[in-house]
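Based on these hints, arrange chains F and R on the given structure of chain H.
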Amino acid sequence: MSFIDGIFYLDLLGTLVFAITGLLAAVRKQLDLFGALVLATVTAVGGGTIRDLILDTPVFWTQQVIYLYVILFASVFTYIYIRFFTFPNKLLLWLDALGLAVFTVIGAQKALDFGLAVPVVVLMGVMTGVLGGIIRDVLAGEVPLIFRKEIYATASVLGAIVYVIALEWFAVMEWAAIVAIGLVFLLRVWAIHAKASLPTFGNPNQSGQ
Amino acid sequence: MSFIDGIFYLDLLGTLVFAITGLLAAVRKQLDLFGALVLATVTAVGGGTIRDLILDTPVFWTQQVIYLYVILFASVFTYIYIRFFTFPNKLLLWLDALGLAVFTVIGAQKALDFGLAVPVVVLMGVMTGVLGGIIRDVLAGEVPLIFRKEIYATASVLGAIVYVIALEWFAVMEWAAIVAIGLVFLLRVWAIHAKASLPTFGNPNQSGQ
Amino acid sequence: MSFIDGIFYLDLLGTLVFAITGLLAAVRKQLDLFGALVLATVTAVGGGTIRDLILDTPVFWTQQVIYLYVILFASVFTYIYIRFFTFPNKLLLWLDALGLAVFTVIGAQKALDFGLAVPVVVLMGVMTGVLGGIIRDVLAGEVPLIFRKEIYATASVLGAIVYVIALEWFAVMEWAAIVAIGLVFLLRVWAIHAKASLPTFGNPNQSGQ
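Chains as they are written, first to last, in UniProt numbering: chain H, 1 to 209; chain F, 1 to 209; chain R, 1 to 209.
Just chain H, with the same shape it has in the complex (with noise of 0.2 angstroms):
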């Protein structure tokens, strides 16, 4: 299995997970099969639809519908399982984690490819990282989880930056993809053990505009 291949399939398992994690949101919201539907797409694959259409790009999932196929399987699967046992929620929020590193290193990599210039692709890889769970918060009425989530964003911003870094340094993309994976994965693994979080702003009682 080449590194290529590598990425592809942890691009899967990202899109997987994330599918997952839109369909558990449906359930919270009771929402009905094909609302669920809906919402696991938009979570799976959001972030990465608005980074190509800004990059100008043909949109993945319309050339490759491995993708969708990915998330009516996991949809399907999730909506039977849930019926008869409990998703472990620790693996989920493990998978989660793998799923953001990936998305993130992925979403830099091809802000990279169309030569832009490094503050843009951070941006990029951060939005494939986490834009579509925003997505599906929004669309589930909640305020986004990542905006109060320990380490989230954080560690979706410090891998894109470490990625760009590593790859100067070493010049290989697969050690830069695996240094960054591993730091974005690792980072979230001890922000849920630890509960770990950003101090948020202090002041709260601001209220400008």
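Any given hint could turn out to be false.
Computed cross-link-like contacts, DSSO-like style, restricted to lysine-lysine with a CA-CA straight-line distance of at most 30 angstroms [said to hold, decoys possible]: (1) H/K29 - F/K90; (2) F/K110 - R/K110; (3) H/K29 - H/K90; (4) H/K110 - R/K110; (5) F/K110 - H/K110.
Since the hints were derived computationally from the structure, they do not count as laboratory data.
Here the structure is a predicted model, which is why all the values come from computation and not from measurement.
Just chains F and R now, with coordinates in the frame of chain H:
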């Protein structure tokens, strides 16, 4: 009147109806005139806009200004009308069902024009049909109605699938369109009258992610 | 300093101010640092991004990184500043009015560059001016302020219309821009001071759709 003309006029009718539902949502939220115009516009063109962005084809209302005039007319008309009269809710729901049906088929056909795979075609049809209403509800600060409502996304999904199959079968666009539009419309009308709905997911206490 | 330079600096000022309003919304919601950065970024570039996607032209901040640096600077500055001081609300509202005015005219002019019809030009101007703030409010879990606030969308709509007319009249972009920016700015400042607002729709009990 040719068939293509027929689809075009149905499309304008769908735009008109969706604009009215956006304006009425604005009424419920006591938005001012221009806030209401914004809501009417995104409801009417939101789905088609995202479809065209993903297909990387010129966004339809930038090329055919009549859509914007229809929205403006619908908004001003409704604005005046509701000061004196009340919309018959049933009529509105029937017209909305027709709009959903037409938008679904138009979205699916446009994706077929680009030679995309069947799952992508179905998703494009559904997105064209339902995204405008989702955006309307999110902007108005409500959990999108589609996620709760009897057989709404479901009708759109089935309509898009049936359109693709019927097109294969009949090899005549007109017939396929009539069958699919009829199916979505009748499903919705039946659902409205029977208050039918798909069962929601069980196990709402599952709290993954 | 040429006129084009002047517009460019006003655009950066608008970006700066909108980023600050996004960050202050994050403060009110007690978001963490990177959640706040996301909110500041979408507020500042959201409208222009959607405009560029619809026009199918490269998204401006992928080509000119300075916009992202301005947002980063504004966010970090505000983050530190509000720990010690309070923003004078009036100044913020005035600057926001200037940002709205500049963004509206820039959006309208960009649509004119693509030879689009007048209603499309007006809609593009308004979208550039107001969509960033709408996304900010939706992500922060609030009904968009624009939908309630005194003469906000209205000022943008009138500004875009006046810009198109003035351009026809004067045939000089500079004068048309000054007239339109001045109009939006003064309308907003007047509305802020007079707490003026358009009447909302009557008959809020109408519950169509």
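Hints, one by one, checked against the model:
1. H/K29 - F/K90: 27 angstroms, holds
2. F/K110 - R/K110: 27 angstroms, holds
3. H/K29 - H/K90: 21 angstroms, holds
4. H/K110 - R/K110: Roughly 27 angstroms between the alpha carbons, so the hint for H/K110 and R/K110 holds.
5. F/K110 - H/K110: 27 angstroms, holds
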